[in-house]
Every structure is written in C-alpha cells, then in structure tokens.
Amino acid sequence: MLTPLLAALLAATPAEQRGFDITALDYVVVLDPATGVTHGTLAISVTVVTSDAHELEVTFDAGLSLESAKIQGSDAGLTVVPAATTPLRSVGLMFDDALAAGDTRVIEVTLDGTLACNVSDIQGHRACKRGAAFGYLRRQSVLPTVHDAADTTSYELYRRSLSLTLPAEVDAVATGDAVATTTTDGQTTRVWASTIVHDVQDLVVVFGALTSLSIDDGELPVTLWYPRGDEAWVDDMRAWIAIAMPFHAALAGRSLPLDGVDIVKLPDDPGFAGTATAGMVLLSEGYGNLGAGNFEQTLAHELSHLWWGNLAYADERGAWLLEGLARYSELEYITARYPAGEAGFEADDGSLRSRWHADLMRYTLRSKAPLVLTGIAQPPSDIVDYEAWAYARGAATLDHLRVVIGRAAFAAGLARWADDCAFVRCTSDDFRTFMEEASGKDLAAFFAQYVYATTFTDLAYAFTQARTASGVDVTVSFTQVPAADSTLELWLEHEDGSVDKQLVDMTGASGSVTLASAAPVVRVRPNPYDDPIVWSRSQVDGDVDFDGAVDGVDVVTCAQYVALGFPAVQSSTTLLDVVPIDFRCDLDHDGVVDGADLALIAADFGTLEAVLP
Amino acid sequence: MKALVCMLLLTACGDAATPDHDTIDADTADTAEVTPGTLTFHATPSSGEAVVVRQASLSADELVLEVATSGLQADDQVFAIGARLTYDPDVLSFIDATPGEAWDGAVTDASAARPGTLVLAVAHPHAFFEEPGPPLGDEVLYRLRFAITRVAATPLTLVASRSRALVWPGPSSDPQRRLSISFVGGALTLD
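Protein chains in written order, with this note's numbering: chain A, 1 to 613; chain V, 1 to 191.
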C-alpha cells in the first residue's frame with residue numbers, strides 16, 4: 001500500500017538535459033616548470049545533441065590569456081564572452097550559427113601566459129603548482145575544463161589525450177596510459193591517452209624529480225611515484241596498495257580494464273590533498289598526520305574511485321554513487337582489515353560506523369537535499385553538510401539497502417553496476433534496476449524515499465510476547481512520523497545471547513507485525529546498519545537497548561559516552577570531528593550525551609518489561 | 001567536573017517493607033512452611049573478572065549483601081555497572097541500597113520495581129579522561145539490605161542478559177587484555 005507521501009515521491013522523476021555531447025578533449029602543452037610560463041592548446045570535439053546547444057564554457061588559470069578560439073580551423077563562427085577573471089579565468093564560447101542535432105564540430109582554444117596557480121576555493125585548493133623539483137597541473141590550469149552551458153548534470157564521457165613538453169631532466173606522470181615519449185633539443189614530449197573517461201574525474205600531471213617503484217598486487221601493474229628522496233610512508237603505501245587493490249576488485253566483482261595504475265604520494269600541501277583520476281590516484285602524505293590508520297583508510301577510499309568514478313559513474317546531479325560508494329568501500333575495507341576494531345570500527349555488527357553515520361544524519365545534515373538532485377535543488381554548500389550528504393548519507397543508504405535486500409543480492413547488484421555501467425551513461429535508476437533484478441524485490445519505495453527524496457522517519461516501537469505451541473509470538477507495534485514505508489531487520493535477542501534476525505516491513509503511520517520466535521526474547525533491536533536512515537527508538541522512554549525496561553543496561557550503555565566526554569555533535573567543523581554517540585542516549589536532544597541524559601534515564605529507572613505469561 | 005551531576009537516587013517500592021520479626025523468627029514462627037534451621041548465604045564461585053554477590057551480614061531477620069567487583073586488577077577503572085538481581089519475594093523483602101564508598105558523587109539508582117526484581121546502576125557522571133573513575137580492583141558497588149520475611153531458601157541471581165559493566169583496563173595492563181565481565185550471584189539456603 002502506498003502512503004500519500006510515497007505516492008507523491010514516486011510521481012517526481014528526474015528530468016535532465018544537455019546540448020552537446022563532448023566526444024574528445026586533446027590537450028597540447030609546453031611548460032617551463034620553474035617559472036610557470038606555458039603555452040597550450042585544447043581541441044574540443046563535440047556532437048550536437050539538441051537545439052539547446054549554443055555555448056561552451058572554458059575555465060583555466062587566471063594568469064593565462066585566451067589567444068585564439070577557432071571552430072573547424074576558422075576564426076569565424078565563435079563569439080568569445082569573458083565570464084570571470086579571478087581566481088580562475090572563464091570564458092563563454094558562443095556559437096554564432098544555429099546547430100542541428102547530429103552536427104559535429106572541433107573547437108580549438110589557445111592559451112598563453114604564466115601560471116598564477118591561485119587558491120581556487122574555500123578549502124585552499126590550487127589547480128597547479130610551479131617548481132622544477134616538484135609541481136603539478138590539474139584541470140583549470142593550462143588544462144581547461146569545458147562545460148556545456150545547457151547541460152544540467154555537467155556529465156560527459158569522452159576520449160582524452162595530453163601531450164606535455166618539459167625540460168628533459170624533469171620527470172612526469174599523468175592521468176591516462178603513457179603512449180609515447182620523444183626527446184629533442186633538451187625537451188621531452190610525453191603523450192598520455194585515455195580511450196574513454198568520465199568527465200567527473202580530474203586530469204593531473206605531476207612533474208619534477210620523481211622516483212617510481214613497481215607493486216605487485218596480483219591484479220594490475222601498479223607504479224608508486226613519490227618526490228625523490230622523500231621515503232616517508234612509501235613502505236606503508238606499498239603494503240596497503242597490495243592489499244587494497246584486490247579487495248576493491250573483489251568488492252566490485254571485477255578487475256579494472258586498464259593497462260596499469262599510477263599512484264602518487266604527494267607532499268603535505270593544502271593546495272592539493274589528492275584525488276583519483278582515470279587510472280591514477282594521488283594522495284597527500286599529510287593524511288598520515290592523523291595516524292597510519294587514517295592514511296590507510298583514505299588511500300583505500302581513493303583507490304576505490306578507480307571503480308566508482310573512473311569505471312562507473314552516474315549521469316545525474318548527485319554524488320552518492322561516487323563518494324557514497326567510495327565511503328562504503330573504504331569502510332568495508334577497514335572493517336575487513338581490522339576486525340577487532342583497532343582502526344576504530346567494529347566488525348561485528350557495524351554499530352560504530354552506523355552510529356557515526358546516524359549522528360551525521362541527525363545532527364549535521366541541515367540540508368534536506370535528496371541524494372539525486374532534480375529541478376532547482378542544490379547540493380549542500382556547507383562543507384560538513386556536503387560531506388554528510390555525499391559521503392556519509394550515500395554510504396549509509398547503501399548499508400541500509402544491503403540490509404533490505406541481503407548481502408548476496410547487494411554484491412550481485414553492485415557487480416552489475418561495475419560491469420554494465422563501465423564507461424557508459426548510467427543513472428541511479430539503473431542502479432535500482434540492478435538491485436531489483438538481483439534481489440527480486442521492488443525497490444520503488446526505497447529509492448523514492450531515500451534517493452530521490454529525503455525521508456527520515458521517527459519510528460517508535462514496542463513488543464509483547466505470547467507463548468505458542470512451538471515457541472513464542474513476538475508482536476511488534478509501531479508508530480512513525482511521517483508515515484512511510486520503512487524496513488528494519490529486527491534482531492530478536494534470546495536469553496542465551498543467540499539472535500534471530502527477521503526483516504520487517506513497517507508501512508504507514510502505525511501498525512503491528514507478529515514474528516515467530518523459537519524462544520522468549522530479551523530484546524528486539526534493529527540492525528545498526530538501519531539506524532542512519534530509519535531513526536528508530538523504543539516506545540519506552542529511557543529504554544535505549546530495546547528490552548522494554550529502563551534499567552542498569554541503559555545506564556551503562558549511555559554512561560560510556562559520558563565517560564568519553566565527547567563534545568556536542570553540532571559543534572563539529574569537519575567530518576572527522578563528529579564522534580559516534582548513540583543518538584538514543586541523547587534524551588534531551590542537545591547533541592551530546594552527558595549527566596543530564598543519565599538523569600533523564602534515572603527519572604524512568606526501574607520501569608520493567610512486561611512479564612511473559 | 002564532578003560538579004556536573006552529583007545525585008543519589010534511591011527508588012525503593014514494591015516489596016520494600018519493615019521486617020516483621022514475628023514472622024521471620026525461625027524459632028518462634030508457627031506457619032507450616034517455616035522449618036526450623038539455619039539460613040546460610042552461599043556465593044557462587046567465580047573466576048576471572050566478575051561482578052559478584054557476597055554476604056556482608058546475616059541475622060535472623062535481615063540479610064545484607066554486597067554487590068562487588070572481583071578479579072579486577074588494582075588499577076582497572078570501573079566506570080559504570082548496571083545489574084539486575086532476582087530473588088524470591090516470598091522470602092526476601094528489599095529495604096534499601098547504599099552505594100559503595102568509591103561511588104560518592106556518582107549517578108546511582110536502585111529500584112525494586114517488581115517484587116523479586118531489583119535493578120541497580122552506578123555510573124560516573126563525568127568524562128573519564130578529565131576525572132578517571134576509581135581504580136577499584138575489587139570494590140563494593142552496592143550494599144543491599146533485605147528483610148527476611150520467611151525462612152526458606154532462595155536463589156539470588158544476577159541476570160547476565162540484563163546486566164552490563166563499563167570497565168577500562170588499567171594503564172599498566174597488557175594492551176591486548178580485554179575485559180569480559182561475568183555476573184555471578186548466590187543463594188540463600190536453609191541448612
């Protein structure tokens with residue numbers, strides 16, 4: 001039965017549009033790394049998709065000027081409209097003549113000047129760094145980005161190449177397969193090419209005095225690059241990569257269709273902390289400042305982007321199948337690596353990672369933007385909110401989906417996403433189809449509530465028991481606001497500690513469901529992986545462990561957070577600041593578990609569960 | 001941080017009663033169920049780290065028990081313990097509970113919300129790293145006083161599935177040492 005809310009959600013379907021299909025970007029660059037003096041050309045190959053095609057926006061370094069813009073080799077046919085000058089320079093290339101669907105064009109822009117390498121966002125990122133010993137170029141340096149002004153998703157899938165000429169003594173590694181190297185008159189020209197790439201991923205060149213070494217991960221040739229003489233973390237990274245690459249391949253159900261992978265250790269520099277590109281991952285050793293565990297976990301995250309972003313990506317406005325999948329993969333990796341919880345995550349039931357996600361959902365996610373944005377909806381602008389939306393909520397939604405359809409079906413669906421969407425246009429609807437076909441379940445309600453809308457319910461339940469000939473009937477009654485279609489995996493805990501897990505659909509504003517149990521139950525609690533998305537609690541105030549009583553176990557459960565002295569979740573300024581309290585212990589809803597919450601439990605202390613007749 | 005919350009909550013109800021000396025005097029009672037004999041408390045043997053029940057005193061009309069930690073190392077930090085104790089309400093009637101001296105300033109709670117069921121909790125209300133809990137080793141958590149209302153045997157069971165402890169291994173402990181606290185009760189027997 002559809003609730004009114006769900007019916008309304010199902011009626012809203014994403015509708016996106018674009019004008020051009022960008023089919024190829026070919027860069028040719030000459031650079032003096034020491035001074036930043038550079039000259040570059042970019043050939044943009046496009047096919048017209050709709051009559052909306054009229055303008056391409058090109059963005060590059062503010063120290064460069066646009067020398068020329070030609071279409072089909074001619075100066076006529078394009079009008080250049082300056083759009084911005086700092087911190088990056090941006091111009092619009094307006095097509096003077098109307099274009100028809102199916103038309104193809106090649107636009108060539110030429111840039112000249114000295115790289116300014118300005119800070120380009122509030123996080124202090126830079127698109128380039130000059131230096132003969134170490135430097136880098138990213139997109140929006142002398143490697144412009146190209147945006148179809150009519151494209152509402154900013155999504156493209158194209159062929160890409162880069163020819164870079166540097167002084168012969170300067171090493172370089174770049175995104176893509178290295179296909180040619182020639183040296184003439186003290187200058188070396190290297191060419192890298194990618195047959196097909198998702199536009200979401202950066203194009204990066206690292207140059208300077210570099211050392212490289214090979215890593216055998218049993219999957220692909222992997223090369224680790226680092227600034228010459230800077231051996232810190234190299235042995236650790238080599239060991240982690242050899243473990244993480246096969247792990248991610250197994251999680252995705254397939255290897256990467258690449259000739260090899262380059263991984264670059266970056267110096268600790270806030271201008272460029274790292275990213276993942278087509279066949280290339282870069283990561284700052286600054287992540288080690290918070291410990292080896294943090295470095296390894298972040299590296300696992302970036303490596304997973306070789307699958308989630310490089311291989312498969314969604315043509316829509318959203319990041320849950322990019323950053324959410326990467327966070328999910330990173331947590332799966334770290335949980336498998338440290339099953340006893342040394343890295344801070346518990347392997348047994350995911351409760352710690354789920355508490356962390358749940359706190360982000362409840363306390364920091366001020367934006368109610370759905371995971372896939374439609375219409376005028378915008379992603380959160382605040383950095384913590386954005387990370388909570390893209391990374392945490394994305395991963396938590398995947399965790400909950402895995403509970404709803406089961407681990408085997410989820411793994412099969414994920415493998416379909418990696419296989420069927422490899423270098424083709426896909427969307428969250430395709431992801432849903434794969435999960436439905438793998439599980440045999442209709443996931444319309446799930447996606448309508450949690451992907452295309454933001455539906456966090458306040459679901460309260462209680463249970464009673466009655467003896468039967470074969471055991472016990474456990475009746476769970478619930479209320480939820482707003483009315484929704486929620487699914488929880490309830491864990492029926494018996495006196496001897498054994499647990500019987502049953503998937504329960506809770507539909508509408510209230511209701512009840514009866515579950516058969518072989519023996520009397522002590523607790524009926526939800527799978528922790530459900531917690532971030534379905535905000536459930538006991539109907540008995542102060543009962544945080546779902547046994548129907550307010551007793552010493554509730555006090556101890558919440559006292560651990562008091563003991564750890566966690567600050568209020570709302571005071572977090574970065575994702576790493578958020579500490580994983582159990583939100584059910586925050587009885588006064590102030591974002592912190594303290595003596596005041598223990599006092600509230602004390603107020604109801606001694607409330608006991610119903611006696612089983 | 002001790003000033004954050006300092007309270008002592010004792011909620012006694014249900015079977016709390018003033019002992020009736022006429023009915024619990026084994027020598028003078030004339031009901032059929034009362035059999036002349038000697039009541040003795042037997043603690044169930046425990047090993048490893050545990051919360052146990054042990055006798056503090058026993059008279060003809062009153063039993064005083066201690067709920068205590070056992071087997072802990074001297075510098076282990078006990079931060080909170082919640083426990084549930086069950087007994088025969090026809091034999092024992094809960095009078096009151098007093099936290100151990102180490103728990104001065106703690107959040108403490110005891111409630112006999114249902115005859116024969118006593119729920120207990122002690123918890124420090126401040127952050128461990130700001131003010132560590134008492135380095136206990138073996139220490140009394142609660143002193144429980146019961147009136148003996150009938151001279152008969154009864155188990156006194158700490159219900160493991162509804163009891164939990166929060167203990168940090170002391171700083172001198174083996175880092176790999178993991179505490180698994182068991183809850184061990186006892187029995188009042190008629191010998």
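In case anyone wonders, no lab produced these hints; they're calculated from the structure. The reader is advised that the hints may include incorrect statements.
[Stated by the list, open to error] Which residues of chain V face chain A? A partial, calculated answer using Cβ under 8 Å:
no. : residue
1   : L39
2   : H42
3   : S70
4   : A83
5   : V107
6   : D109
7   : A113
8   : R114
9   : G116
10  : P155
11  : T157
12  : R164
13  : L166
14  : V167
15  : P169
Cβ coordinates follow ideal geometry from the N, Cα and C atoms, glycine included.
Hint check results:
| no. | hint | in the structure |
| --- | --- | --- |
| 1 | L39 | 27 Å, violated |
| 2 | H42 | 23 Å, violated |
| 3 | S70 | 18 Å, violated |
| 4 | A83 | 5 Å, holds |
| 5 | V107 | 5 Å, holds |
| 6 | D109 | 4 Å, holds |
| 7 | A113 | 4 Å, holds |
| 8 | R114 | 5 Å, holds |
| 9 | G116 | 11 Å, violated |
| 10 | P155 | 16 Å, violated |
| 11 | T157 | 12 Å, violated |
| 12 | R164 | 4 Å, holds |
| 13 | L166 | 5 Å, holds |
| 14 | V167 | 10 Å, violated |
| 15 | P169 | 14 Å, violated |
Consistency note: the structure conflicts with the earlier hints numbered 1, 2, 3, 9, 10, 11, 14, 15.
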